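Chemist: Residue strings, one per chain:
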Amino acid sequence: GIQVEQSPPDLILQEGANSTLRCNFSDSVNNLQWFHQNPWGQLINLFYIPSGTKQNGRLSATTVATERYSLLYISSSQTTDSGVYFCAGGFTGGGNKLTFGTGTQLKVEL
Amino acid sequence: ETGVTQSPTHLIKTRGQQVTLRCSSQSGHNTVSWYQQALGQGPQFIFQYYREEENGRGNFPPRFSGLQFPNYSSELNVNALELDDSALYLCASTLYREGGYTFGSGTRLTVV
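Chain order of the listed sequences is A and B. Using the numbering used here, you'd call the opening residue of the first sequence number 1 and step up by one each time. Using the numbering used here, you'd call the opening residue of the second sequence number 1 and step up by one each time.
It is worth saying that the hints were derived from the structure and are not from the lab. In this text, all values refer to a predicted model and were calculated from it rather than measured experimentally. Errors might be hidden in some of the hints.
Facing chain B, a subset of chain A residues (Cβ under 7 Å, in silico) [stated by the list, open to error]:
1. G41
2. Q42
3. L43
4. N45
5. Y48
6. F86
7. N96
8. K97
9. G101
10. T102
11. G103
From the three backbone atoms N, C-alpha and C, an ideal C-beta is built for every residue, glycine too.
Same shape as in the complex, but just chain B (with noise of 0.2 Å):
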């Protein structure tokens, strides 16, 4: 059984420019869901994507968005950088509205 994989695990851009995330989840998993960790915080909840539609989202802007592909894999797209996106982003997949969440470990993003 396959875990949870992210790619890239370390990135850094440039204030304005876009960014691409990309989560592969765990075998047999259905759902998945972005989450936002900055330094010192718990991770806070951006979006959740089911049947390659997004199934609930959390107080982002839409400049955060996201797509799910027919095999479950995810990306998360953020336009437009900010300082402040500087963070971990996690991706974690999990059976829909069953059982516990299986976490990646990662990407962090620099926003210089």
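Extracted from the complex, chain A is given alone in its bound form (with noise of 0.2 Å):
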């Protein structure tokens, strides 16, 4: 089946540090989100970005279909970014739903 692999699994930072996300797929991706789960459960959608480059403040976001890869950037990160990141992929045959990867939890301290 599709794979969605996210890393790294765990990242703590310190408050104003940048960091980056990776997730790889193992198939053409036709539908390609990033979430973010606060500790209350809600996921929220960060960006719609089957290829190319998007940038949301300090989050930016770039994905590379041709290598099956996509990159979360954090910068200058703070407090309440803290929580799982999830992303998620649409694949050309796999119907209408989402796959998502088992996430990266992360951690901002002050």
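Assembling the complex is the task here: the two chains are given apart, and the hints tell you how they should meet.
Modeler: Structure (structure tokens):
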């Protein structure tokens, strides 16, 4: 089946630091999204990015579909960035579902 | 623009019982998907509804069923509850085959 792998699985940062989260997928995507899950369980959509680069404030994302990976950049991290970051892909021939990765647990400390 | 709302937020049921979870989609969205998230794992696709019909299903048994209504809201029904059904159930809405998903806050189901 389709595999979505995220790295690193866990990350601890000091406030103000920058980080890069990676998502590798095993097949061609037609729909790649990044989410932040807060401590209360809600998934917040950060980016819909099947290809190219997007930026939103301190966050940016790049998907290189031909090489089957996506990166999420967090700059000047804040304690409110803590939580789990998921990438999820929709794959050609995979119907309409999103396949989620296992997530990166981020903790930002003062 | 209203987001996705789910009810109830928490629920405790006994093994063997039946449960119905509800979801109102975001304004302008016509497609609803349901996901199950066990503790410490990523969400797993249950099924998707579009035009009031099931439009894709994950590896879940038939005792998981759903409905979509003309206003695009949706229900997830689970019969004969098992202990392993304890999880966070997430609903997401989107425009069919376009754009990003908007998730609700989820329903946390505990089966005892």
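Chemist: The hint names N96(A) as touching chain B; please verify it with the least Cβ-Cβ distance against 7 Å.
Modeler: holds, 4 Å
Chemist: Using 7 Å as the Cβ threshold, decide whether T102(A) counts as touching chain B.
Modeler: holds, 6 Å
Chemist: Does Q42(A) pass the interface check with chain B, least Cβ-Cβ distance below 7 Å?
Modeler: holds, 5 Å
Chemist: Would the hint on G103(A) be counted as holding, given a Cβ-Cβ threshold of 7 Å to chain B?
Modeler: holds, 6 Å
Chemist: Can we keep the L43(A) interface hint, with Cβ of chain B closer than 7 Å?
Modeler: Given a least distance of 4 Å, the restraint on L43(A) holds.
Chemist: Close enough to count: is the Cβ of G101(A) nearer than 7 Å to one in chain B?
Modeler: holds, 6 Å
Chemist: Min Cβ distance, K97(A) to chain B: is it shorter than 7 Å?
Modeler: Holds. Min distance 4 Å.
Chemist: Is the interface hint satisfied for N45(A)? The criterion is a beta-carbon contact with chain B at less than 7 Å.
Modeler: Holds. Min distance 5 Å.
Chemist: Please check whether G41(A) passes as an interface residue: C-beta within 7 Å of a C-beta belonging to chain B.
Modeler: Holds, about 5 Å.
Chemist: Grab the minimum C-beta distance from F86(A) to chain B and call the hint holds if it beats 7 Å, violated otherwise.
Modeler: holds, 6 Å
Chemist: For the hint on Y48(A), just tell me whether its beta-carbon gets within less than 7 Å of chain B.
Modeler: Because about 3 Å separates Y48(A) from the closest Cβ in chain B, which is inside the 7 Å limit, the hint holds.
Hint compliance for this structure: every hint is met.
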